[in-house]
Amino acid sequence: TQLLEQSPQFLSIQEGENLTVYCNSSSVFSSLQWYRQEPGEGPVLLVTVVTGGEVKKLKRLTFQFGDARKDSSLHITAAQPGDTGLYLCAGRLEGTGGFKTIFGAGTRLFVKA
Amino acid sequence: DTGVSQDPRHKITKRGQNVTFRCDPISEHNRLYWYRQTLGQGPEFLTYFQNEAQLEKSRLLSDRFSAERPKGSFSTLEIQRTEQGDSAMYLCASSPGTGGTDTQYFGPGTRLTVL
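As they're listed, the protein sequences go chains A and B.
Residue numbering for the first sequence follows the working numbering, starting at 1 and increasing by one per position.
Residue numbering for the second sequence follows the working numbering, starting at 1001 and increasing by one per position.
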């Protein structure tokens, strides 16, 4: 069974704090996406990482893909209340049967003003 | 292009009724996906289309569920004889179907409540 585990499941922090969210699997991904989802809405793409060891930055968000392409992290610097939401990672697996995208259960972040 | 759209955004129905949802993908995207998401979980794959061909179906997709993409553009997902356990957010996504990453872009979802 291919699983994508996210941690922590829930995080409540004060505005201005830093945080890191982790996404881990035993599977090797050809690419991995991070999405942010607000209540009642669909996930919105933040970034796609492809190469092992790749680091991408999006303003105060830093995404890293593990060297072995099995794990990823999302680091937020100086969190703001607008960062509140559900952060999902999704890994793309390719094999002889075609491809498959699996999602983690998400990390729910709440940033208090 | 305004992205992936879904209709309706919300649907409340009584158990046993049939419901149909529509998804309009990004216009140049060849692949279209349906997912189901319940509270506190990530999206679970249901099925996907490459143009008009339905290429994969999850075992989550019981025989009460059917999806079509007749002209390779919009898609419909129908649930027959709805059950309370069908209550969830139904998400549609599309992707180009070419290129290395083939990143999926999601619509706003249809929230189904079965009473």
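It should be emphasised that the hints constitute simulated quantities derived from the structure, not laboratory data.
Bear in mind that the values here come from a model prediction, so they are computed numbers and not experimental data.
Any given hint could be a false lead.
Simulated pairs of lysine-lysine, DSBU-like, Cα-Cα distance not exceeding 30 angstroms [unchecked claim]:
{"hint": "1", "chain 1": "A", "residue 1": "Lys100", "chain 2": "B", "residue 2": "Lys1011"}
{"hint": "2", "chain 1": "A", "residue 1": "Lys100", "chain 2": "B", "residue 2": "Lys1071"}
{"hint": "3", "chain 1": "A", "residue 1": "Lys100", "chain 2": "B", "residue 2": "Lys1057"}
{"hint": "4", "chain 1": "B", "residue 1": "Lys1057", "chain 2": "B", "residue 2": "Lys1071"}
{"hint": "5", "chain 1": "B", "residue 1": "Lys1057", "chain 2": "A", "residue 2": "Lys70"}
{"hint": "6", "chain 1": "A", "residue 1": "Lys59", "chain 2": "A", "residue 2": "Lys70"}
Cross-check of the supplied hints:
no. : hint                  : result
1   : A:Lys100 - B:Lys1011  : 29 angstroms, holds
2   : A:Lys100 - B:Lys1071  : 24 angstroms, holds
3   : A:Lys100 - B:Lys1057  : 11 angstroms, holds
4   : B:Lys1057 - B:Lys1071 : 19 angstroms, holds
5   : B:Lys1057 - A:Lys70   : 25 angstroms, holds
6   : A:Lys59 - A:Lys70     : 25 angstroms, holds
Hint check: no violations occur; every hint is consistent with the structure.
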